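Line by line, the protein sequences give chains H and R. Heads up: the first sequence begins at 7 in the working numbering, then just goes up one per residue. Heads up: the second sequence begins at 7 in the working numbering, then just goes up one per residue.
Since the hints were made in silico from the structure, they are not lab data. Values in this document were obtained by computation on a predicted structure and should not be read as measured data. Where is the CB? At the ideal position from N, CA and C, for every residue including glycine. Treat the hints with caution; some may be incorrect.
Covered by chain R, per the in silico footprint, the following chain H stretches (three or more residues, Cβ under 8 Å) [to be verified]:
| # | region |
| --- | --- |
| 1 | 73–87 |
| 2 | 113–120 |
| 3 | 177–187 |
| 4 | 195–205 |
A few chain R residues that don't get close to chain H, going by computed Cβ distances all over 10 Å [what the hints assert, rightly or not]:
| # | residue |
| --- | --- |
| 5 | Gly13 |
| 6 | Asp16 |
| 7 | Gly46 |
| 8 | Arg84 |
| 9 | Ile85 |
| 10 | Leu90 |
| 11 | Ala133 |
| 12 | Asp137 |
| 13 | Ala194 |
| 14 | Ser205 |
| 15 | Ala253 |
| 16 | Pro293 |
| 17 | Ala352 |
2 protein chains.
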Amino acid sequence: MSAPLLGHLDPLFVRAMDDVQALLRYVFETNNRLTFPVSGTGSAGMEAALVNLLEPGEEVVICVNGYFGERMCEMATRIGARPLRVACEWGGPVDIDKARQVWRHSKGRVLCAVHAETSTGVLQPLAPLRDIVDERDGFLLIDAVTSLGAHALSVDRHRVDVCYAGSQKALSCPPGLAPITFSERAVAKITTRQTPVRSWYFDTTMLMEYWGETSGGGRAYHHTAPITMNYALHEALRMVAEEGLVARAQRHERHHRALVAGVEALGLQMQVVPEYRLWTLNTVRIPAGVDDARVRSRLLNEFDIEIGGGLGVFRSKVWRIGLMGAGSTANNVLLLLAALEKVLKAEGVKIKESGVSAALAFYAEQ
Amino acid sequence: MSAPLLGHLDPLFVRAMDDVQALLRYVFETNNRLTFPVSGTGSAGMEAALVNLLEPGEEVVICVNGYFGERMCEMATRIGARPLRVACEWGGPVDIDKARQVWRHSKGRVLCAVHAETSTGVLQPLAPLRDIVDERDGFLLIDAVTSLGAHALSVDRHRVDVCYAGSQKALSCPPGLAPITFSERAVAKITTRQTPVRSWYFDTTMLMEYWGETSGGGRAYHHTAPITMNYALHEALRMVAEEGLVARAQRHERHHRALVAGVEALGLQMQVVPEYRLWTLNTVRIPAGVDDARVRSRLLNEFDIEIGGGLGVFRSKVWRIGLMGAGSTANNVLLLLAALEKVLKAEGVKIKESGVSAALAFYAEQ
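Using the sequences provided together with the hints, build the complete structure.
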């Protein structure tokens, strides 16, 4: 990020943009032409996805099993669409039967869901969602903010029509950009809209001419791209490619499983059942009687470790432990387990056995 | 920007946010509580200003004397407002009589104008615009993308209700943030809206609880702020404060005037009459018969100097020479004049006299 600035239409920067797009196609596992970073953070990606794909008055089915599904409903309402909520239990995956039912009873052409619910730690399988929308050639819109670069997304294989993420999660880039990709079908829906996209800043019909090419060749000025942020994303994506998506996924899984072994050895419980656990974001139930905020602030102040508190209905119910991107390492797992053990003991919680020993035993078996 | 990342609710980062806000109040010359950087580039500031202050169906008077006034109309239309254009000549200031007439014949409560038209090089006086809106207690919304940190803005003295800028112009920070400020009257209009703000990402009613405080104290999570960009803005604003707004304005004026002396000595003409010239963005008429693109690409390739081409009706008619922030220096003026002289001669243009000598003579008189 400390590299000298370039103009946003400078030939060298345009080359860097091409690189960023090619690398994003690699991590999304897609050949989608319209793949680029939105000039904003993850929530800007969510807004860009919805405001482009949906028209005012259009019904849209949104699966809500956590905080970010809820946010999608809120955004969809604001842009004038009519969200039909598939209300599911927090901490579990989408209720597929319910989603299918809502889909069948709606006129919506778009189904939205969150691949990695940062608020609950749940990983959502994509295939059953694709099956639902295929019943009438629908569009699948997926939030992958906390999975891109860790869990396989396979955008093309799952035929996801719109998928967005954030730069600052498993890609380990500073926050400030939201990678997004649109299928050709999604592009066709957008370019044949009856109404203009309600947001000028996020309008992909214009952004296509900056991140792609104008009909006359060359790039059209839209807004000034955050140059330095794009340098950072360029480097972060190069590091993902260097490690390789498969090796990266295995690393995330390994350290997640070591953490789970340690957490359970301490006598704590994971919130999510094993088959739906995210590797990047681990939700641990807070034992009864433990002061949530005090434990977190002791971890921060005594060990420089920040873990997340619960959001929404999970407030004061779970801790959210991130192990993503460059942060998914054995050292982080061991240090967190050691620190947590010390803090819990100091708070009077009875520890079952050493979390560190359990994690080390897990690693030794690998 | 290479400082370690912090969480977006980390106490240290919250302190940095407070600093950024205090420094922004200094450069905007305002005491407005709601003053913060929007998480996007300058155009995101424009969208945030309009989407918060205007409701669907609301008439809004927009002065158009260049590319960015036009963009405001486009954005206002998309968010459902009804823009009334005050069409003025490109390269001149707003036609005040015409603006007053449109204002009087409209039901609009908001008047929008561009303080520094980046497309034409025109500086717009704010006092006559305030006079117009005062006829019925209206709101003044000002684009200061290319003036903040160079020309005095005096937001409070001119009673500007909403003012936004970009980080990458006269503040000399990388692009990626859009400083914005709202008067208490503007905040009152926003908090008593009949309809929710159509953009979730830019909704200041929620951003207030992140950049300000919740009713219970503390900060509420909205979206993840671009941490690193905020570090950069923090440092850029510190440098503005260290130099001082008055000294900074004088520096911008001095180098602008030196450039004008040099450009006119070469036999070229400035596009804008002296009293409305921006110091940050200098529009020079392209002499008849000169190949616009070739001159600009020679400056870039032979001297590493990028100057802007004309936008809209000024395409191929003017060059746009930026002298802003850290770039407003005698060295840049002299180098540009020397390079331009060489390139113009090579292109067969007859030069009147040395631009460099004229600029040096100007500096010697100071």
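Hints, one by one, checked against the model:
Requiring three or more residues with a Cβ within less than 8 Å of a Cβ of chain R, the coverage given for the region 73–87 of chain H holds, as 7 such residues are present. Residues of the region 113–120 of chain H with a Cβ under 8 Å from some Cβ of chain R number 0, which does not satisfy the need for three, so the listed coverage is violated. Coverage of the region 177–187 of chain H by chain R holds in this model, with 3 residues showing a Cβ closer than 8 Å to a Cβ of that chain against a need of three. Note: the region 195–205 of chain H has 4 residues with beta-carbon separation from chain R under 8 Å; the three-residue rule is met and the coverage holds.
Non-interface status of Gly13/R relative to chain H is broken: a Cβ of that chain comes within 10 Å, the nearest being about 5 Å off. The beta carbon of Asp16/R sits about 7 Å from the closest Cβ of chain H, which is not more than 10 Å, so the claim that it is off the interface is violated. Residue-level check failed: Gly46/R sits 5 Å from the nearest beta carbon of chain H, not beyond 10 Å. Not every Cβ of chain H is farther than 10 Å from the Cβ of Arg84/R; the closest lies at roughly 5 Å, contradicting the non-interface assignment.
Here Ile85/R does not stay apart from chain H, with its beta-carbon only about 6 Å from theirs, under the 10 Å limit. The Cβ of Leu90/R sits about 18 Å from the closest Cβ of chain H, beyond the 10 Å cut-off, so the non-interface label holds. For Ala133/R, the shortest C-beta to C-beta distance to chain H comes to about 29 Å, beyond the 10 Å cut-off, and the non-interface label holds. The claim that Asp137/R lies off the interface holds: its Cβ sits roughly 30 Å from the closest Cβ of chain H, which is beyond the 10 Å cut-off.
Distance check on Ala194/R: its Cβ is at least 21 Å (rounded) from any Cβ of chain H, clearing the 10 Å threshold; non-interface status holds. The non-interface label for Ser205/R is inconsistent with chain H: the shortest C-beta to C-beta separation is roughly 6 Å, within 10 Å. Residue placement check: Ala253/R keeps its beta carbon more than 10 Å from all beta carbons of chain H (closest about 24 Å). The claim that Pro293/R lies off the interface holds: its Cβ sits roughly 24 Å from the closest Cβ of chain H, which is beyond the 10 Å cut-off.
At roughly 22 Å, the least C-beta separation between Ala352/R and chain H is larger than 10 Å, which holds for a residue marked as non-interface.
This entry does not satisfy hints 2, 5, 6, 7, 8, 9 and 14, going by the numbered hints stated previously.
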